[in-house]
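Protein chains in written order, with the working numbering: chain V, 1 to 255; chain P, 256 to 577.
The reader is advised that the hints may include incorrect statements.
To be verified - Under the rule of at most 16 Å between Cα atoms (straight-line distance), these lysine to aspartate or glutamate pairs were calculated in the EDC-like manner: (1) P:Lys320 to P:Glu287; (2) V:Lys79 to P:Glu346; (3) P:Lys445 to P:Glu463; (4) V:Lys252 to V:Glu84; (5) V:Lys48 to V:Asp134; (6) P:Lys397 to V:Glu80; (7) V:Lys92 to V:Asp214; (8) P:Lys296 to P:Glu506; (9) P:Lys392 to P:Glu357; (10) P:Lys397 to V:Asp18; (11) P:Lys320 to V:Asp253; (12) P:Lys519 to P:Asp505; (13) P:Lys395 to V:Asp18; (14) P:Lys397 to P:Glu357; (15) P:Lys320 to V:Glu84; (16) P:Lys323 to V:Asp253; (17) P:Lys527 to P:Glu550; (18) V:Lys209 to V:Asp189; (19) P:Lys268 to P:Glu291; (20) P:Lys439 to P:Glu463; (21) P:Lys339 to V:Glu84; (22) P:Lys397 to V:Asp76; (23) P:Lys376 to P:Glu357; (24) P:Lys331 to P:Glu357; (25) P:Lys268 to P:Glu287.
Simulated from the structure, these hints should not be mistaken for lab results.
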Amino acid sequence: MRHILSIASETFLLLRRDRVFLPALCIMFLLCYFAGIAGYWSIETYRKLIYDVLAAGFHLIGALVAIFWGTKLVADSNKEGYTELQLAGPIKRSHWIIGKFLGLAATLVFIGMTLTVISQGMLIYQEVGWMGLDELTMFGLIICSWVVIAALSILFSAIAGYTIALFSVFGMWLIGLSIKNISFALHRDTPEFARETVGKIAQYWDLQKFNIVDQITSQTPLVYRDLQWNFSYALVLCLLFVTLACIAISRKDMA
Amino acid sequence: MNPTSEPILELRKLHKVFSQDLFRKPTVAVNEVSCEFITGKCTGLLGHNGAGKTTAIKMILGLIKPTKGAVLFEGKNLSVTSKKNIGYMPEINRLPANLTCEEALDFHLRGQTGARRSKRKNLVESELKRVSLLDVKHKKIKELSKGMARRLAWAQATIHSPTLVILDEPFSGLDPVARHDLLKWIKEYKEAGNTLILCTHELWTVRELCDEVHIFKNGKLAYTTVDREVDQHGIRLNAANYHLALAGVDESSLKNITDHYKLKPWSDMQYKDFLIQLHFKEYEVAASWLKACIEQGFIVIRFSDEVSIDHNTIYKLFVGDS
Chain V
1 MRHILSIASE TFLLLRRDRV FLPALCIMFL LCYFAGIAGY WSIETYRKLI
51 YDVLAAGFHL IGALVAIFWG TKLVADSNKE GYTELQLAGP IKRSHWIIGK
101 FLGLAATLVF IGMTLTVISQ GMLIYQEVGW MGLDELTMFG LIICSWVVIA
151 ALSILFSAIA GYTIALFSVF GMWLIGLSIK NISFALHRDT PEFARETVGK
201 IAQYWDLQKF NIVDQITSQT PLVYRDLQWN FSYALVLCLL FVTLACIAIS
251 RKDMA
Chain P
256 MNPTSEPILE LRKLHKVFSQ DLFRKPTVAV NEVSCEFITG KCTGLLGHNG
306 AGKTTAIKMI LGLIKPTKGA VLFEGKNLSV TSKKNIGYMP EINRLPANLT
356 CEEALDFHLR GQTGARRSKR KNLVESELKR VSLLDVKHKK IKELSKGMAR
406 RLAWAQATIH SPTLVILDEP FSGLDPVARH DLLKWIKEYK EAGNTLILCT
456 HELWTVRELC DEVHIFKNGK LAYTTVDREV DQHGIRLNAA NYHLALAGVD
506 ESSLKNITDH YKLKPWSDMQ YKDFLIQLHF KEYEVAASWL KACIEQGFIV
556 IRFSDEVSID HNTIYKLFVG DS
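For reference, chain P alone in the conformation it holds in the complex:
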């Protein structure tokens, strides 16, 4: 399947009001949100805590019933049967602690597809091999490390070959090696023509994976790169403009940097509380500048320092406007 402009999933004026009890004011969690998720693309779902991302995802998965509006999957109202084409990887491990890796995937597959035991067994074996968990297939989930549990969660989300996979903070709490592996698998899955929805707080994952973004704010869709609202706000991911944030820079390092670069490659610089923030037109310029600064000894990156180069528009929308 190649990416097309056809949406695989569409939210139409999706609205959710939680009225917890008689004495509390009803809370509007999602407010008339309309947006599309294009087939074959990875769409990032961004927003602060409480912005309405999780409620929207739960409505997409049919776990929460919308107060108003509809979720359309492949042009039709979302039904129980259409959910077999959706995979879901939650933020934390939600598989039962007392099942083994093999059993968890087998029961999941049985519920999703109803395939025969022999077919299920082969599928489970190959999936466990793919995510390098074959050696621990008889281990109970409670005995797995966090990295292993995330790998199993990825296997569980994709073992039934869904065309749409929803990932909720897939990289949280992973070490660099596990991140690298998971990133590779997600990219491979996307390249196979599948659609991904990535719910995240980490902007580097947006840069690495997303073709489009929807940004939620106070229950509303604040910005999107998908539909006509894009032009109104002038947001395009490819409109190069990057933000580099570097923590742990002291005054002397800052002086060295500003003295050395007479022709400043950045368009704007801000410095406060050991945090230097620079704006670059292109990602490559930002990256090569950072590399040169490290090589010339202007900046010493310690293991605990935080360095990030993020798309400026997304950064401003997501962090700057908070």
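Here chain V stands alone, though its shape is the one from the complex:
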């Protein structure tokens, strides 16, 4: 356990020093501001537009950070030879990869909380008011989706080099966002096999499960029992990806 915590805290420190979150915060700040301006010109309700933009920006920033940092984290460590140096000590490879994931996840949660505070500040400035529990749950679910993407990034970077891992995770992220809509929009002439395949993928890999912005903007009360499933789904995906990453790295030669 101490090895995992040691690697996780070191990863957290290194990622914080990377200062990628600074542009992330600036972009979020600007998004909030422009959302406010656009709200005056939109035919949508002011609240809906603000939350739509906030949720989209929130997801985009965090997902990109998770993809780029997740893949870069392991790739940089391998390139610098630090992985070699650490694994030459009494640290199990599985502990190393779990530590890396936890460090990244902690950083993403830290960024998520900071972005939520900025969003709240902007909402007060735009005279929308304080966020309730439902709105905070929406942001919490989006942070869960970042952590899932982070786990996927760690998995791919444990298997492949930086570029392949980056493109693979990026592709998987886009599929996860769009597959549900694609499965609904398939033409009736689509072959049964293709329809079933898309349906199966949508069943198991659907990042829209973490998007409840429509319920928030339409002010439909959230059913928290249903949301537990969404959080469980995130947990299962993380466990699956990190387990696969552990298996992949334990079989790999650090040549």
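Chain V is already provided as a structure; the job is to place chain P on it using the hints.
Here is chain P on its own, set in the frame of chain V:
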């Protein structure tokens, strides 16, 4: 701990084949290598680039899984827990650029020993003081000079007091002062009864530090001074026979030397392309001859000239037979 004949580390028929992809022929990096590393001694691991030294070291450290064979540490199969008694100093600085010296050692110690924060802090401070880096403990590694980074790498390899330290080209790129310091620390560590494995291309380090040598060639253990193969090849480090190589000697200097020394202290001399190579029976004779030649003005050593006195057998095995 005193040096004994017991091996701390043993490689048994260690074999590694890299099969990179379907279309390339598999490469045998290490071919059934069996050798021992004696407790309390410094063993040099020599060989050309691609001879299999690095692969063997990575298998010792558990970074590469052998295709066949085993690595035994203190008589048992190498495990993750036994690796806490091994220190590793890689050839180039591999610590994260964005950590400070203090943090790098602290995280390393935390991973290696799990010691408490206060104990770790004291250990890190004393180690940084020992390698004269206490003043720059808050500096990031990317801001360190190469010499400082090597000192930090030495501190990182030994801070957890391992009984076996593996050094991969520890002196590469160091200035004479930094070399001297590092050499002194390595000698001190060895004198404390610890075992060292020195992977090197520089023959002077073998002379200064090594009690035994293993020479790798094309993935195989070509020669060793440790086990019974020694007698077959008649190699002993103490069997005095030294090779002196001096670059930048012109024809007139060569004539002066050969004319002056009617009773030649060397056993053999070769001269080609301004490089004079002499064989001596004893190291001291070679060194005093060189000194006398310089004093009498037969040889002018310029800063850029290369002078080396190496053990002849090692030189022949390592350089001559290439």
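Pair hint P:Lys397 and V:Asp18, alpha-carbon separation not exceeding 16 Å
Roughly 13 Å separates the two Cα atoms, so the pair holds.
Can the restraint linking V:Lys92 and V:Asp214 be considered satisfied, given a maximum Cα separation of 16 Å?
44 Å, violated
Given the hinted pair P:Lys445 and P:Glu463, is their Cα-Cα distance within 16 Å?
12 Å, holds
16 Å limit on alpha-carbon distance, applied to hinted pair P:Lys268 and P:Glu291
11 Å, holds
When you check the alpha-carbon spacing of P:Lys395 and V:Asp18, does it fall within 16 Å?
Roughly 13 Å separates the two Cα atoms, so the pair holds.
Quickly compare the C-alpha distance for P:Lys320 and V:Asp253 to 16 Å and report which way the hint goes.
6 Å, holds
Holds or violated: P:Lys268 and P:Glu287, Cα atoms, limit 16 Å.
Satisfied, since the Cα-Cα distance of roughly 4 Å is no more than 16 Å.
Given hint P:Glu550 paired with P:Lys527 - CA-CA distance at most 16 Å:
24 Å, violated
Can you confirm whether the C-alpha distance between P:Lys397 and V:Glu80 stays at or below 16 Å?
Cα-Cα ~12 Å, so holds.
Pairwise hint evaluation, P:Glu506 against P:Lys296, where the allowed Cα distance is 16 Å at most
Violated, because 43 Å separates the two Cα atoms, which is more than 16 Å.
Sort out whether P:Glu346 lies within 16 Å of V:Lys79, counting only the CA atoms.
Roughly 14 Å separates the two Cα atoms, so the pair holds.
Given pair status - V:Glu84, V:Lys252, alpha carbons within 16 Å
Distance of about 12 Å is within 16 Å: holds.
When held up to the earlier numbered hints, the structure conflicts with 7, 8, 12, 17, 18, 24 and fits the remainder.
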